[in-house]
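Q: Build the full structure now, drawing on both the sequences and the hints.
Heads up: the sequence shown begins at 1 in this note's numbering, then just goes up one per residue.
Keep in mind the hints are simulated off the structure, nothing from the lab. A couple of the hints might just be wrong.
[Said to hold, decoys possible] The list that follows gives simulated cross-link-like pairs (lysine-lysine, DSS-like), each with its CA atoms no further than 30 angstroms apart:
| hint | residue 1 | residue 2 |
| --- | --- | --- |
| 1 | Lys398 | Lys308 |
| 2 | Lys275 | Lys327 |
| 3 | Lys281 | Lys83 |
| 4 | Lys303 | Lys258 |
| 5 | Lys63 | Lys281 |
| 6 | Lys340 | Lys303 |
| 7 | Lys108 | Lys275 |
| 8 | Lys398 | Lys69 |
| 9 | Lys63 | Lys83 |
| 10 | Lys108 | Lys281 |
| 11 | Lys63 | Lys108 |
| 12 | Lys308 | Lys281 |
| 13 | Lys364 | Lys398 |
| 14 | Lys281 | Lys364 |
| 15 | Lys263 | Lys275 |
| 16 | Lys303 | Lys275 |
| 17 | Lys327 | Lys410 |
| 18 | Lys364 | Lys340 |
| 19 | Lys275 | Lys218 |
| 20 | Lys398 | Lys410 |
| 21 | Lys398 | Lys108 |
| 22 | Lys63 | Lys218 |
| 23 | Lys83 | Lys263 |
| 24 | Lys83 | Lys275 |
| 25 | Lys327 | Lys258 |
| 26 | Lys340 | Lys410 |
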Amino acid sequence: MKNSFLFSIVFVLFCVASLFGFNSVGAQQLKLPYDVFDYAQYPIGSVWGDPLPDAPALAQRGKFMVGVKTLHLLNPDQIDVIKTLAEGTTVIYNRPLTVEVWYPATLKLGQIQITMYTDFLGRSDQPGTLVPYTFVGRATRDASPDIADGPYPLILISHGYPGSRYLLYYLGENLASKGYVVVSVDHTDSTYLDVGNFVSTLVNRSLDQEFVMGEILKMQPWEGLCNPNEVGLIGYSMGGYGALRTLGAGLENSTLVKNYLGKFASTLIARPSDKGDPLVKAAVLFAPWGGTVGTNPTGLWDKTSLEKITVPTLWVAGSQDDVAGYKGIVNLFDSAINSKRYLLTYDDALHNVVPHPAPSIATKFGDYYRFADPVWSTWRIDNIDEHFVTAFFDLYLKGNAEAGSYLNVKVVNSNDGIYIAGNGGEATDSTYWPGFQPRTALGLHLVYVSPSLDSK
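A: Have a look at this one:
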């Protein structure tokens, strides 16, 4: 009797909601008789990563509800780089890795697409600087996976040094809403909470990436939810360094590398037998590090080893990057001659071409510039990243040529595009970048190079 009464109430509420016209963002929202995104409290434009009014087309959220889970993994029998350096003898341990997973989900009645995350300003190697902050995400903690439309492509996100699994959280949520399972790693010895010797990051970054991708594909429910033939990788800064290693590139056999890495140098120096991880079918490299360290045009990287990168790649950088160095990034891009590749440049931007916006408590210059850029709005950058990363992975992992068409710009410099409006106001027969609204495609360059062009 009670169940019948409850069903009647839900049915009536659903009818009322339908009568007043719910705005549908996800397919399941049509079935839930309430504001599943809690727009009354968190309207569009109030949560980082939300599409702002001038966002390009593919920054919009997809049709899926998004779940989020935290997992704690152990990579067995790894070298503890920190203790090995300190004690002078090889120390083996089970390496702990915390990861955040965003995935297409099915909500139960009453659940909403709002969750809270906690991260930290400061860093552990600077005593007294760590300060926690909380922020809102558009996902549902521990929601049930949506298996109906699976399996889905798997994407791994790898942060910089130091960083955290939440630094690109908005991108994880956005991709999950479009039918991806996204795993973001807290790289041990490389997060704000446990900053360790930089050598650990150099040694472990690619190892972490490969382990987590492989482990997720063996775990339930992810094994059945992910397509092992559609795996992508996103790396930012040192995450981009790790991604280059995972794709098959190695460091140069130089005195600089040997002196800095010591006993670990041999594991990172390029070898003829090196190969990219066969799981990875496409990769996005945000400001990858290492191209300006040393005197070689490709920095620490062995130029020939970059030719082993054979999967499609999207490179993203600021033209004034003073951390990874824009010229070094371009040299790495130019050297990856066997990859179908794109280079998206934010004119006059520095290194921060993908972090979420700065929290309100980031009032100190150093804290604020972990996220911010002196020229660009971080939120604007994030919307553009959502657009191009979606187009790239939809094309090269899902085979969606329509989404991929957004990468086919007619002019390299967005400022040169001419917008010609059709009768409905849409751009037609023009050189304007597809997906961008009038007067918004400015300050960007997008270059495409195919392996066939390199060989000419």
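Q: Looking back at the hints listed earlier, which ones does the structure fail to meet?
A: As far as the earlier hints go, 3, 7, 9, 10, 13, 14 and 18 are violated by this structure, in ascending order.
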